[in-house]
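Please construct the entire structure, taking both the sequences and the accompanying hints into account.
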Amino acid sequence: MSTETTVRNTPLTSAHQRLGAKLIDFGGWLMPVNYPAGILEEHKATRGAVGVFDVCHMGEIHFHGPRAAQAVQRLVTNNVAGLSDGRAMYAVACHESGGIVDDLIVYRVAADHFLIVVNASNIAKDYQHFVANVGSLCEISDESDSTALIAFQGPKAQTALAPLTNVDLASLRSFHFVPGRQVAGVSAWIARTGYTGEDGFEIFCSPADAPALWDALIAAAAAVGGKPVGLGARDTLRLEARLSLYGNDLSDTTSPLEAGLGWVVKFDAGDFIGKEALVRQRDAGLARQLVGFEMRERGIARHGYAISDVATGARLGEVTSGTVGPTVGKNIGMGYVPQSHAQPGTRIVIDCRGKPAQAEIVKGPFYRRPGK
Amino acid sequence: MSDAYPNDLLFSEDHEWSRSENNLVTVGISQFAVDQLGDVTQVDLPREGEVLKQNEPFGSVESVKAVSDLLAPISGKVVKVNTTLQDSPEYVNEDPYDGGWMIQIEPSNPDELKKLMDAAAYETFLKEHED
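From first to last, the protein sequence lines stand for chains A and B. Whatever position you read off the first sequence (first residue = 1), add 1206 for the working numbering. Whatever position you read off the second sequence (first residue = 1), add 209 for the working numbering.
Hints in this document: simulated from the structure, not taken from any laboratory. The reader is advised that the hints may include incorrect statements.
To list a few chain A residues with every Cβ distance to chain B over 12 Å, as calculated [what the hints assert, rightly or not]:
1) A1221
2) R1280
3) S1303
4) D1318
5) S1352
6) P1361
7) A1418
8) W1469
The calculated DSSO-like cross-link candidates involving lysine-lysine, where the alpha carbons are at most 30 Å apart (straight line), are [to be verified]:
9) B:K289 - A:K1561
10) B:K262 - B:K324
11) A:K1569 - A:K1250
12) B:K323 - B:K286
13) B:K286 - A:K1561
14) B:K289 - A:K1536
15) A:K1536 - A:K1250
16) A:K1250 - A:K1578
17) B:K336 - B:K323
18) B:K336 - A:K1228
19) A:K1578 - A:K1472
20) A:K1331 - A:K1472
21) A:K1536 - A:K1578
22) A:K1561 - B:K262
23) B:K336 - B:K324
With beta-carbon atoms standing in for the labels, derived distance ranges [said to hold, decoys possible]:
24) A:R1214 - B:H338: 20 to 26 Å
25) A:K1331 - B:V260: 48 to 54 Å
26) A:A1517 - B:V260: 33 to 39 Å
27) A:T1365 - B:V276: 34 to 40 Å
28) A:K1331 - B:A330: 44 to 50 Å
29) B:A213 - A:G1560: 30 to 36 Å
30) A:S1352 - B:P266: 47 to 53 Å
31) A:G1233 - B:K289: 40 to 46 Å
32) A:A1517 - B:V276: 26 to 32 Å
33) B:D278 - A:A1317: 55 to 61 Å
34) B:V276 - A:G1468: 29 to 35 Å
35) B:V276 - A:S1220: 29 to 35 Å
No experiment lies behind these values; they were computed from the predicted model shown. Even glycine gets a Cβ: it sits at the ideal position worked out from N, Cα and C.
Have a look at this one:
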């Protein structure tokens, strides 16, 4: 572990230590990679019951003022006007080049108050980008340090959370949220959002209240067979659901169209930053595309492995994410390939540390929760 | 702690264990390595007859989160490979010193074993190299 950078604790670090977690430096944060149960058990607990995740490191940036909606629309590709109070949406923020600054969730608290939740590793970059571009339109405040966030994800999330709050969870639909409520006696916001492919909630509270809320959530999860879950299973869960990870699958030089996020790019919504570049890219056709693949030969694809053509051996691109899919029972991954190789059914070769292994491009999420 | 590192084994700094019996050396990875890796999902091993050199890679072990090279604790010829690990890599986690053994080597230079650590020395080594 590097001694030069200071590693930051979340409000829950000592709780993780008590639970016996293995802690690692993750982008400057001391985070649990797994608890004693291990990644596979944590993954299963989330798919079968409920998983509790420390996501306090995520960033919370607030936009206040009468022109807040206009400011947010300038920053994100999705349609801000489509939001009403208490609704949230997934979106990306782009550079003028069309490259992705970050992927994020926009929450409309009120007509003059929006919250954007951003990736931990991008908080400083995003805040600068936001202020530089729309700082004159509204007040922008980075409240990441004064906001804790815990995710509670899985098919039993609603059942397990219900006794801790008087919020009517059954009527809180996906991508809706309620601010200013109580969970386990602490003041909290509850959002029906997540990053696992399961139903579930993300609960915002103050850092001071976070340890008590965490303990209550851990107990509630345990009562239904759930567990605390670290970053290791967070990665296998999100990849099975084929959710992108910034820094792996998305970057400053990949566009949302290439990344398969065209569904959050609303060209009619407004003049967002990057729109012109994305219109040009759309009209010209994409040179490459982020695809999902399943290994057809023995091997586990990992970030950075080369992808090549089956017949010619020509290099096509690179794996951006890859892992074992514990629920799907296959080794899975994502990577960028030229359009010519992006059709489902196409065979590609992944160079697994010198051992070539064939994979097949597949459509859609590797895992879909039952009934969805 | 001592249960984690049996006394009849020798250990390398790269966390492979060696058990020397009847002029053959059986090799696997230590409890420490297993704890670091987490759930093992794939083990790639050499074929019988391959010749290994001390401290050079002879295969790899992949867990859900990472891949690591396996380094030969001693030079020699591979005479036996634990092929059950191909379908049951979890044996490495569940039973690293027995069911999780990986290969058996006929050493070309048994003196190389002297470069390895006994269990007590290995535990001291681990303590000195804690974060």
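Taking the hints in turn, this is what the structure says about them:
1. A1221: holds, 20 Å
2. R1280: holds, 39 Å
3. S1303: Label holds. Min Cβ-Cβ 33 Å, cutoff 12 Å.
4. D1318: holds, 43 Å
5. S1352: Fine: 30 Å to the nearest Cβ keeps S1352 of chain A off the interface.
6. P1361: Non-interface label on P1361 of chain A holds, nearest chain B Cβ at 22 Å vs cutoff 12 Å.
7. A1418: holds, 29 Å
8. W1469: Consistent with the label, W1469 of chain A stays out of reach of chain B, its closest Cβ about 30 Å off (over 12 Å).
9. B:K289 - A:K1561: holds, 22 Å
10. B:K262 - B:K324: Distance of about 14 Å is within 30 Å: holds.
11. A:K1569 - A:K1250: holds, 24 Å
12. B:K323 - B:K286: Roughly 18 Å between the alpha carbons, so the hint for K323 of chain B and K286 of chain B holds.
13. B:K286 - A:K1561: holds, 22 Å
14. B:K289 - A:K1536: holds, 29 Å
15. A:K1536 - A:K1250: holds, 15 Å
16. A:K1250 - A:K1578: Cα-Cα ~18 Å, so holds.
17. B:K336 - B:K323: holds, 21 Å
18. B:K336 - A:K1228: holds, 17 Å
19. A:K1578 - A:K1472: holds, 24 Å
20. A:K1331 - A:K1472: The hint holds at about 24 Å.
21. A:K1536 - A:K1578: holds, 20 Å
22. A:K1561 - B:K262: holds, 20 Å
23. B:K336 - B:K324: holds, 19 Å
24. A:R1214 - B:H338: 20 to 26 Å: holds, 25 Å
25. A:K1331 - B:V260: 48 to 54 Å: Since the Cβ atoms of K1331 of chain A and V260 of chain B sit about 51 Å apart, the hinted range of 48 to 54 Å holds.
26. A:A1517 - B:V260: 33 to 39 Å: holds, 34 Å
27. A:T1365 - B:V276: 34 to 40 Å: At roughly 38 Å between Cβ atoms, V276 of chain B and T1365 of chain A fall inside 34 to 40 Å, so the hint holds.
28. A:K1331 - B:A330: 44 to 50 Å: holds, 47 Å
29. B:A213 - A:G1560: 30 to 36 Å: With Cβ atoms ~33 Å apart, the hint holds.
30. A:S1352 - B:P266: 47 to 53 Å: Once the Cβ atoms are compared, 48 Å apart, the range 47 to 53 Å for P266 of chain B and S1352 of chain A holds.
31. A:G1233 - B:K289: 40 to 46 Å: With a Cβ separation near 44 Å, G1233 of chain A and K289 of chain B satisfy 40 to 46 Å, so the hint holds.
32. A:A1517 - B:V276: 26 to 32 Å: holds, 27 Å
33. B:D278 - A:A1317: 55 to 61 Å: Since D278 of chain B and A1317 of chain A have Cβ atoms about 57 Å apart, the given range 55 to 61 Å holds.
34. B:V276 - A:G1468: 29 to 35 Å: holds, 33 Å
35. B:V276 - A:S1220: 29 to 35 Å: For S1220 of chain A against V276 of chain B, whose Cβ atoms are near 32 Å apart, the range 29 to 35 Å holds.
Hint violations for this structure: none, all hints satisfied.
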